[in-house]
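Given the structure of chain A, go ahead and fit chain B onto it with the hints provided.
In order, the protein sequence lines correspond to chains A and B.
Per this note's numbering, the first sequence starts with residue 1, numbered consecutively.
Per this note's numbering, the second sequence starts with residue 1, numbered consecutively.
Calculated from the structure, these hints are not laboratory results.
Check before you lean on any hint, since a few could be wrong.
As the list claims (entries may be wrong) - Straight-line distance between alpha carbons at most 20 Å, and here's what the computed DMTMM-like set of lysine to aspartate or glutamate pairs gives:
(1) B:Lys269 - B:Glu247
(2) A:Lys109 - A:Glu155
(3) B:Lys62 - A:Glu28
(4) A:Lys556 - B:Glu247
(5) A:Lys26 - A:Glu213
(6) A:Lys556 - A:Glu631
(7) A:Lys159 - A:Glu5
(8) B:Lys51 - A:Asp588
(9) A:Lys556 - B:Glu153
(10) A:Lys118 - A:Glu5
(11) B:Lys62 - A:Asp588
(12) A:Lys26 - A:Asp209
(13) A:Lys159 - A:Asp209
(14) B:Lys55 - A:Asp588
(15) A:Lys159 - A:Glu28
(16) A:Lys118 - A:Asp68
(17) A:Lys159 - A:Glu213
(18) B:Lys55 - A:Glu587
As the structure is a computational prediction, the values presented were derived from the model and not from experiment.
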Amino acid sequence: MLSGESLVAVLVLLPVATAAASLAIKDERWRWLLIILPSGVLIAASLLLLAQVLENGPLTFTPSGPWDSLILIVELVLLAYFVYVGVARRHLLVLGLGATQLVLFALFKFAWLPSGFKVQPAFHIDLLAVIMCLVISVIGSLIVMYALNYMQSHERHLKLGATRQHVFFFYLVGFLGAMNGVVFANSLLWFLLFWGLTTLCCYHLIRHDLTDEAEQSGLRALWMNLVGGLALVTGMSLAYQASGSLSLLDLTGFGTVAPVMLLPLALFCFAGFTKAAQVPFQGWLLGAMVAPTPVSALLHSSTMVKAGVYLVLRLAPGYEGTYLSAGIAVFGAFVFMITSVLAISQNVSKRVLAYSTISSLGLIICCAGINTGLAIAAAIALIIYHAVVKGVLFLAVGIMEQSIHSRDIEDMEGLVTRLPALAGMAIIGMVVMLFVPFGVLFAKWAGLQAAAAAPTVWFSLVVTFLVVGSAAGIVFWVRWIGRLMSHTAAGAGAPEAAPPEAEPRGSLSYLVVAVLLAGGVVLSVLAAPLVSYLISPAGAAMGYNPALDTAGWHLKTPFGFFTPWVLFVVIGAALLLPTLLVRVRTEDIRPVYLCGEHRASTAGGPVFTSLGDQAVPLVTGGFYWSRAFGERSLNVWVNGAGIALLAALFVGVIV
Amino acid sequence: MSLTELLIGLAALVLAPFVGGFLRGVDRRVTARMQGRIGPPVRQPFYDFLKLWAKALSLPNKASLVWAWAYLLLTMVTVFMLFAGQDLLIIFFVLAFAAACLAFGAYSVRSPYAHIGAHRELLQILSYEPILLLTVVAIFLQTGTFMVSGVLEHGQPLLLTLPLAFVAVLVALGIKLRKSPFDISASEHAHQELVRGVYTEYSGRTLALIELAHWYQLVLILAFVALFWAQPLWAGVLLALGAYFLEFVVDNVTARLRWTWMLSISWGKGVGLVLLNIVLIQFVFSSARV
Numbered sequence: 001m002l003s004g005e006s007l008v009a010v011l012v013l014l015p016v017a018t019a020a021a022s023l024a025i026k027d028e029r030w031r032w033l034l035i036i037l038p039s040g041v042l043i044a045a046s047l048l049l050l051a052q053v054l055e056n057g058p059l060t061f062t063p064s065g066p067w068d069s070l071i072l073i074v075e076l077v078l079l080a081y082f083v084y085v086g087v088a089r090r091h092l093l094v095l096g097l098g099a100t101q102l103v104l105f106a107l108f109k110f111a112w113l114p115s116g117f118k119v120q121p122a123f124h125i126d127l128l129a130v131i132m133c134l135v136i137s138v139i140g141s142l143i144v145m146y147a148l149n150y151m152q153s154h155e156r157h158l159k160l161g162a163t164r165q166h167v168f169f170f171y172l173v174g175f176l177g178a179m180n181g182v183v184f185a186n187s188l189l190w191f192l193l194f195w196g197l198t199t200l201c202c203y204h205l206i207r208h209d210l211t212d213e214a215e216q217s218g219l220r221a222l223w224m225n226l227v228g229g230l231a232l233v234t235g236m237s238l239a240y241q242a243s244g245s246l247s248l249l250d251l252t253g254f255g256t257v258a259p260v261m262l263l264p265l266a267l268f269c270f271a272g273f274t275k276a277a278q279v280p281f282q283g284w285l286l287g288a289m290v291a292p293t294p295v296s297a298l299l300h301s302s303t304m305v306k307a308g309v310y311l312v313l314r315l316a317p318g319y320e321g322t323y324l325s326a327g328i329a330v331f332g333a334f335v336f337m338i339t340s341v342l343a344i345s346q347n348v349s350k351r352v353l354a355y356s357t358i359s360s361l362g363l364i365i366c367c368a369g370i371n372t373g374l375a376i377a378a379a380i381a382l383i384i385y386h387a388v389v390k391g392v393l394f395l396a397v398g399i400m401e402q403s404i405h406s407r408d409i410e411d412m413e414g415l416v417t418r419l420p421a422l423a424g425m426a427i428i429g430m431v432v433m434l435f436v437p438f439g440v441l442f443a444k445w446a447g448l449q450a451a452a453a454a455p456t457v458w459f460s461l462v463v464t465f466l467v468v469g470s471a472a473g474i475v476f477w478v479r480w481i482g483r484l485m486s487h488t489a490a491g492a493g494a495p496e497a498a499p500p501e502a503e504p505r506g507s508l509s510y511l512v513v514a515v516l517l518a519g520g521v522v523l524s525v526l527a528a529p530l531v532s533y534l535i536s537p538a539g540a541a542m543g544y545n546p547a548l549d550t551a552g553w554h555l556k557t558p559f560g561f562f563t564p565w566v567l568f569v570v571i572g573a574a575l576l577l578p579t580l581l582v583r584v585r586t587e588d589i590r591p592v593y594l595c596g597e598h599r600a601s602t603a604g605g606p607v608f609t610s611l612g613d614q615a616v617p618l619v620t621g622g623f624y625w626s627r628a629f630g631e632r633s634l635n636v637w638v639n640g641a642g643i644a645l646l647a648a649l650f651v652g653v654i655v
Numbered sequence: 001m002s003l004t005e006l007l008i009g010l011a012a013l014v015l016a017p018f019v020g021g022f023l024r025g026v027d028r029r030v031t032a033r034m035q036g037r038i039g040p041p042v043r044q045p046f047y048d049f050l051k052l053w054a055k056a057l058s059l060p061n062k063a064s065l066v067w068a069w070a071y072l073l074l075t076m077v078t079v080f081m082l083f084a085g086q087d088l089l090i091i092f093f094v095l096a097f098a099a100a101c102l103a104f105g106a107y108s109v110r111s112p113y114a115h116i117g118a119h120r121e122l123l124q125i126l127s128y129e130p131i132l133l134l135t136v137v138a139i140f141l142q143t144g145t146f147m148v149s150g151v152l153e154h155g156q157p158l159l160l161t162l163p164l165a166f167v168a169v170l171v172a173l174g175i176k177l178r179k180s181p182f183d184i185s186a187s188e189h190a191h192q193e194l195v196r197g198v199y200t201e202y203s204g205r206t207l208a209l210i211e212l213a214h215w216y217q218l219v220l221i222l223a224f225v226a227l228f229w230a231q232p233l234w235a236g237v238l239l240a241l242g243a244y245f246l247e248f249v250v251d252n253v254t255a256r257l258r259w260t261w262m263l264s265i266s267w268g269k270g271v272g273l274v275l276l277n278i279v280l281i282q283f284v285f286s287s288a289r290v
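Extracted from the complex, chain A is given alone in its bound form (with noise of 0.2 Å):
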């Protein structure tokens, strides 16, 4: 069996060596063998690596040879090419931040630490470390080969003279890496080359398409990101100055020194919220949608906002039972809840995609602020079945934007018809991400009861916001499955079902779709399993008390309980067993009532009589209220609020 620094190098480095040869190759089918074959080994080597920590407890090392060396010098080029692309790209924000970012590093590194200063261990690898790492590997690894075909159709139908898929993958596979190594870092100075890193994959995979959007929303991407990394700097100074220290695990309070130093993590969670999309950055994430499908499957799942809410849940420990975690929940919170209520005002599918992810991230972040065993048990089962979930959702909204050629949750009216296979998956999806008995409500009602005993007097704020918050989660996504669903039944003047050449089922990237969401349906059944063996043993290995009694497959909190595979029958009996049982014969459908007389149904579908003998054409829309709810009208209140908690926290911090 290979070591674990073996595992370790295989999950950082294959990836780089995979995206630097894709590269160099241009040829379809050895892209095929070159991608999936390296997935498969990522895949393996991720487990391989859970069953060691598994087994022997946390892995911490530092790989010998000149690594420090190289570190330094790949960190100095990539802050200086940040600099080159404000420069080239005449973005003075990008410039100013990338500058100051350099000039900071290179100040702190070689004018205050001492030459050679090493921060051992290089690497601390615990059961978080593990989760994030199965995450980032699995999903990531899956997305990837979805991307196979889908890039192919996305070429095509951009009608490109030369392909630049070698490009695209080279930096949707480099970014496995990176993530990887963000999650297995213990030395500052590696997670910020890794952290940065991220921050260039994302900026190279936005602008992909090359168009003025593409462009633009990459710079956003870019300048976003690049204050989360001056707050990194900023902070590592600070944690040098207070500590003499550069390792996480001294930061966290599991090393030898343990002094409470509030506003450099504030400084690092900050930089994480940045990287999470959290108000009021969350315009980059919302800009990234302009990118081909995968990206943003790749970057709402697995990677990039995931790297922000790992930091502030990595760093938990570290402040728990201050201020600083207080304000955290809170802002969190309110991320929660206010995104979910933009949310409701959006008819483009991947806007709402993207709030309910930034809304996610707001959750966990919260659940991080609580900072109980409950709380950061209910933020690490939210890691994984959001990353499950928002993969499948990502994907399959990809196939749709493919097929009906638009992202429109208005268009996507009746998917059920047209593209059956796609619109039920998307359909669970959903349902998986919204209902009991599912993984991601589970996550969201031990982070309700781990509020309402939340260590803090804010937590009745806290609460308040959560609550609002999934209420409003009800309402984006119900009505979008709605809209997939509204159909009128065959023989009654429906337009013709879709051939079924019209979906290639057997083709990878449905394959992948399917597979992904099988995995978030098991793993709902299998929550009580997942939290004994994985969750929480994460959580102690954090210095948290297990909260929740698994025994007997139960999920039991000190104040409530509930059985997941019950409810997965009981419930999964009131939906399948009408579907099987009731039949309907033809002679039973009638048309819909319409306030008028039916008359002959053309190709659009039905047709009424209404007043003055006019033939008015059936049709139905959706409501977006977006007067009430939408960005125009919240957006000045959304971000001022973010601003003021953030300034809040931090004024906090520093008093």
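Chain B in isolation, oriented as in the chain A frame:
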């Protein structure tokens, strides 16, 4: 779950339709008296149900019937769980799923009136869901548990320390029972702009299913209200019946209003009241938590 709880839950499943139907009959009778009519006999809802059930099937597609069944069955699950002393949060999560099934049923048909109703149904969920969940949290703060069985064992009547939350629950009750001024997703009597909202495409047996689900839901919500005075239980039952009677009065003296008004009442006043109550508990009624 103990055997007793299981049996009580099953008994509730059997008895709830009779209690719910009877209460609906009382509702119609009392409402008629308030309007100066004599009104139908109290048994009338059962006659209506049987008559609807006996009608030949007529529906726009299969999906709408499936969702009507799902709505009924999931509502039954919540009733069972409440009477079997289960977790209040989970009960309301399942109830939200049930409510969504009603909307799904309306959405699954390509019908303009049903769609308007379904959208408004979502607004109703948006209005009452936060009040109910936040009230559950307030109950937790007093009893230290989310389990109905634990709440029942709590010695003190909750109403004494949660009066503001109770008022908010009355608002949620009105929305959940679709009484005026909150009957915006389906007007009680066919109105022109809505026809019958979410129910437009249901008739005969499928409408009977939905009516049955409403009876279950009525029992569920009133049982939740009764939790505010759980010991002795008869006081709780009286409290619930009193709340139900109050809904008749409000229903008869108000007219259907706009959804924006409903949302501002439920979020502003409703959620605000529960929040205020929680803060009062936190700082006035007990000093346990700092």
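Verification of the hints:
{"no.": "1", "hint": "B:Lys269 - B:Glu247", "result": "17 Å, holds"}
{"no.": "2", "hint": "A:Lys109 - A:Glu155", "result": "44 Å, violated"}
{"no.": "3", "hint": "B:Lys62 - A:Glu28", "result": "45 Å, violated"}
{"no.": "4", "hint": "A:Lys556 - B:Glu247", "result": "37 Å, violated"}
{"no.": "5", "hint": "A:Lys26 - A:Glu213", "result": "26 Å, violated"}
{"no.": "6", "hint": "A:Lys556 - A:Glu631", "result": "40 Å, violated"}
{"no.": "7", "hint": "A:Lys159 - A:Glu5", "result": "45 Å, violated"}
{"no.": "8", "hint": "B:Lys51 - A:Asp588", "result": "18 Å, holds"}
{"no.": "9", "hint": "A:Lys556 - B:Glu153", "result": "19 Å, holds"}
{"no.": "10", "hint": "A:Lys118 - A:Glu5", "result": "19 Å, holds"}
{"no.": "11", "hint": "B:Lys62 - A:Asp588", "result": "10 Å, holds"}
{"no.": "12", "hint": "A:Lys26 - A:Asp209", "result": "17 Å, holds"}
{"no.": "13", "hint": "A:Lys159 - A:Asp209", "result": "12 Å, holds"}
{"no.": "14", "hint": "B:Lys55 - A:Asp588", "result": "12 Å, holds"}
{"no.": "15", "hint": "A:Lys159 - A:Glu28", "result": "16 Å, holds"}
{"no.": "16", "hint": "A:Lys118 - A:Asp68", "result": "8 Å, holds"}
{"no.": "17", "hint": "A:Lys159 - A:Glu213", "result": "18 Å, holds"}
{"no.": "18", "hint": "B:Lys55 - A:Glu587", "result": "14 Å, holds"}
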